[in-house]
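Read off the chains here:
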Amino acid sequence: MASEPAIQLSGVTKRYPGVVANRDVELTVQSGEVHAIVGENGAGKSTLVKIIYGMIRPDEGTVRIRGRETHFKTPKDAIDSGIGMVHQHFMLADNLTVLENIILGSEPRKGMEIDFRSASDRIREIGEKYGLNLDPSVKVEKLSVGERQRVEILKVLYRGARILILDEPTAVLVPQEVDDLFASIRDLKTEGETVIFISHKLDEVLAIADSITVMRMGQTVATTTPSQVDSRQLAELMIGSELPTPETRESTVQDQVVLDVSGLSLVTETGRQVLRDISFQIRRGEIVGIAGVEGNGQGPLVDSLIGLEQVATGRMILNGDDDLVDDEARDRRMKGMGLIPEDRHRQGLLLSSPLWENAALGHQYGAPFAKGPWIDKRGARRQTEAIIARFGVKTPGPDILATALSGGNQQKLVVGREIMADPAVLIAAQPTRGIDIGAQAAVWEELKTARANGMAILLISADLDELIGLSDTIYVLFEGEFVARLDPNEVTPEVLGSYMTGARSGAAS
Amino acid sequence: MRRSKLLTSVLAPLIAIFISFAIASIVLLVVDIDPLTAYQAMWTFGTSTESLVSMVNRAIPLFVSALAVAVGFKMGLFNIGVEGAYLLAALVAAYFGALFVLPSVLHVFAILLIGMAVGAIWNGLAGWLKVKRGVHEVISTIMLNFIGFSLSAYLFLEHFQQEREGLIVATSAIPASGWIPSLNPVLAWFGVEPRAGTELHGFLIIAIVLGVIYHYLVNRSRFGFDLRASGINPSAAHASGVNPKRMVVATMVISGAMAGLVGMSTLLGFTHRYVQDFPSGFGFTGIAVALLGRNHPVGIAFGALLFGFLERSSIILDLENVPREIVTIFFGVVVLAVVIVYEVVARYATRRAVAAAARATAELEEAPAA
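Respectively, the protein sequence lines represent chains A and B. Just so you know, we're using the numbering used here here: the first sequence kicks off at 58 and counts up by one. Just so you know, we're using the numbering used here here: the second sequence kicks off at -11 and counts up by one.
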């Protein structure tokens, strides 16, 4: 069994214009082990995994599966060779059952009909073997995030995978669900399956992996085992230097309330109540953090605050006397609400436009981007150059198309344009998502500086360390309601996690 | 940057036209006609003074129509309703324009305003339906075209027609104060004197002004910024404070107002009244011209002139025993070729721009920190 490695990559290179891809990647995954691939966002983990899974073809180098050189053209080739992948974002149909989701695309047939019975039996069999117990007849929409992930893993096993790739499997899970996932991974290993575990969370990697390959800037820089390194050393291997922290030390919170939200509720057009009686205040120089598992109302909260959703009830008082609830997004922008959107590509950028137009987006109503009814191109370019200089956006100039920048540089531009506009209230939704540690540290620094200068900031983040480190107050959002108000100085990620899943509730501080 | 822009804006249409000629030649060869003879006949006939004037006259309504379509395209709205809007606008403007007399320039502007108002209401309806009821503008504008045709026919035949001179059915003539004079005197300054009966429409001036207004509105104004942002990324535009519903209505109203002017060169420069066989089809051809010109006023002008030239010069083909339909094929092929070639060239140019930015960024990364 141990003679041939399950996967062996040598000299694999993939070039792309504009992004760090893979350069001379060496990777050996032994059969039956849990092999972690760690690295910062943008270090080339995704490219590497896509090469193994047949989604991308390498420019150079060889890929061997169980000793045989392979040239996958599509993921189907990889699946046929017994490789399965669980994507970070689940690909499940909510209105189908677990069973239907699992067999979708490879339905067992009996004559003209789908043989649900044998499929159901096999799923139970696989579930018992690997400790992935799920009722096949339940609809996926009823399942929690952790259970959905189990469906994805079952799906891959059902298709005969012996090598499983888990891409950032813990990114969407709360700490308790992570424990369940790890139990399943250990069961898989016991049954002799090979697991490739992609992550940038080092404690998890050290807890579950048999061996670890570290990637940095598209290269594999080290292969080690949990017994040889601690998390600090691993982090230094990953970034090649000291680890930055999000922590803010002294409080800069002042008395003056900048934004006073009370009784904010939102019912969607379909009649679902997505926000219920949300009340909070942000003072000058304060960062208020919102914790919550994704999909518990963060999106509607941001949309309601910035004016993209019409709020049914509630008040939103800016600077003591101005109720913004009936204002349009544009008026709120002009009155001093800034937004770093959660998804910069969807809500923050015009990818096919030059940087100076992107810098103007959201601020196209006045100086320095406009004069009267006209866009002031010179003023806009000057402001863009100022953003580029202050926020270290790496670009040849303000006329480059936004799509040409790396994700981290795009994010710096978005963060820069919002902070430079000096809003009264800045809503920062996932401000460091998908950017590398260097850019992350820069964004943290800028948020801290803005806070010190008196900006009121609402921080919504899935990164609990970031949330605890930066916030002055944390609210937990669960099913559209604030279930707890916590003091970041006293709370741990575990406690926060238990509130986020609804296991605990009530104000504690 | 500059070079890649030049590449897409000049090279791409040239390649597309070359491809179109190649395909048209193959079609001609298949039906046993020497393409060179046909092209030569078209060129000789098409470049006479009278033909060139006719080419420009034909290009004017196409240019205006394409601008109307392009405004919609810029924010991702596909206005197919220019056709119905301009026919209705021309009829209503012709009827009301004949009812009063004003000093000459004022009279012309009054008629233009009526046309713009009718077009704006007609296409604005489609915008309103999209915002209020979620009806896709392609569906609603197609339907509004049918309604517009029927409504025009009804209004014309039952209420607006005034005269019967033999077989001609028409509204009463607009008084001379509402006419736009021809530009032949201007041509004369340059020593160009076309034969009698050939007149360069004075509406050309208004069309050029429209092109300039379009450019400033779309590319220089705050409104245009919101418009383009909504076209490129509606979610991002919304988050930046653009009200998407108001934008849809405003764009359809502007597009419709421009559409209302499409028939005006014919009406005020040539027929001076709405006739039963008032020229139709400009609204649909305008879509092709907008595609050809990539929503840029200069590109649209060239596209409109090309279509005008082909239309005019194809007249000679009958005399050469060449089926005129070859020009229709050419129209279709040139639009398809332009769309495809632009896409290919634009991707190539974007790739190069991205690569150049990546190189520049890499140099910045390697440079020691200050």
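Read the hints as simulated data drawn from the structure, not as lab findings. Incorrect hints may have been included.
For each label pair, taking beta carbons as the anchor points, the in silico distance ranges come out as [unchecked claim]:
hint: 1; chain 1: A; residue 1: Arg439; chain 2: B; residue 2: His147; range: 58 to 68 Å
hint: 2; chain 1: A; residue 1: Arg72; chain 2: B; residue 2: Val180; range: 30 to 40 Å
hint: 3; chain 1: B; residue 1: Ser209; chain 2: A; residue 2: Asp456; range: 51 to 61 Å
hint: 4; chain 1: B; residue 1: Phe9; chain 2: A; residue 2: Gly68; range: 16 to 26 Å
hint: 5; chain 1: A; residue 1: Arg439; chain 2: B; residue 2: Ser209; range: 50 to 60 Å
hint: 6; chain 1: A; residue 1: Arg72; chain 2: B; residue 2: Trp31; range: 21 to 31 Å
hint: 7; chain 1: A; residue 1: Val314; chain 2: B; residue 2: Asn207; range: 22 to 32 Å
hint: 8; chain 1: A; residue 1: Thr370; chain 2: B; residue 2: Ile127; range: 50 to 60 Å
hint: 9; chain 1: A; residue 1: Ala228; chain 2: B; residue 2: Val123; range: 38 to 48 Å
hint: 10; chain 1: B; residue 1: Tyr142; chain 2: A; residue 2: Ile171; range: 53 to 63 Å
hint: 11; chain 1: B; residue 1: Gln264; chain 2: A; residue 2: Arg329; range: 49 to 59 Å
What the simulated footprint calls covered on chain B by chain A, stretch by stretch (three residues with Cβ under 8 Å from a Cβ of chain A suffice, anywhere in the stretch; the number is not a length) [to be verified]:
hint: 12; segment: 202 to 210
hint: 13; segment: 213 to 224
Glycine residues also receive a C-beta, built at the ideal position from the N, C-alpha and C atoms.
Tested hints:
1. Between Arg439 (chain A) and His147 (chain B) the C-beta distance comes to about 59 Å, which sits within the given range of 58 to 68 Å.
2. The beta-carbon spacing between Arg72 (chain A) and Val180 (chain B), approximately 58 Å, falls outside the hinted interval of 30 to 40 Å.
3. Between Ser209 (chain B) and Asp456 (chain A) the CB atoms are about 20 Å apart, so this pair departs from the stated range of 51 to 61 Å.
4. Taking 16 to 26 Å as the suggested C-beta distance range, the pair Phe9 (chain B) and Gly68 (chain A) does not conform, at roughly 49 Å.
5. Hint check: Arg439 (chain A) to Ser209 (chain B), Cβ distance near 20 Å, so the stated range 50 to 60 Å is violated.
6. At roughly 48 Å, the beta carbons of Arg72 (chain A) and Trp31 (chain B) sit outside the given window of 21 to 31 Å.
7. Roughly 43 Å separates the CB atoms of Val314 (chain A) and Asn207 (chain B), a value that falls outside the hinted 22 to 32 Å.
8. Distance hint for Thr370 (chain A) and Ile127 (chain B): a CB-CB separation of about 36 Å, inconsistent with the stated range 50 to 60 Å.
9. For Ala228 (chain A) and Val123 (chain B), the hinted distance range of 38 to 48 Å is satisfied, since their beta carbons lie about 40 Å from each other.
10. Checked against the given bound of 53 to 63 Å, the beta carbons of Tyr142 (chain B) and Ile171 (chain A), roughly 57 Å apart, stay inside it.
11. The hint said 49 to 59 Å for the Cβ distance between Gln264 (chain B) and Arg329 (chain A), and at roughly 57 Å that hint holds.
12. Counting residues of the segment 202 to 210 of chain B whose CB falls under 8 Å from any CB of chain A gives 3; the rule of at least 3 is met.
13. For the segment 213 to 224 of chain B, the stated coverage by chain A is satisfied: 8 residues place a CB nearer than 8 Å to a CB of that chain, which reaches the threshold of 3.
Violated hints, in rising order: 2, 3, 4, 5, 6, 7, 8; the structure is consistent with all others.
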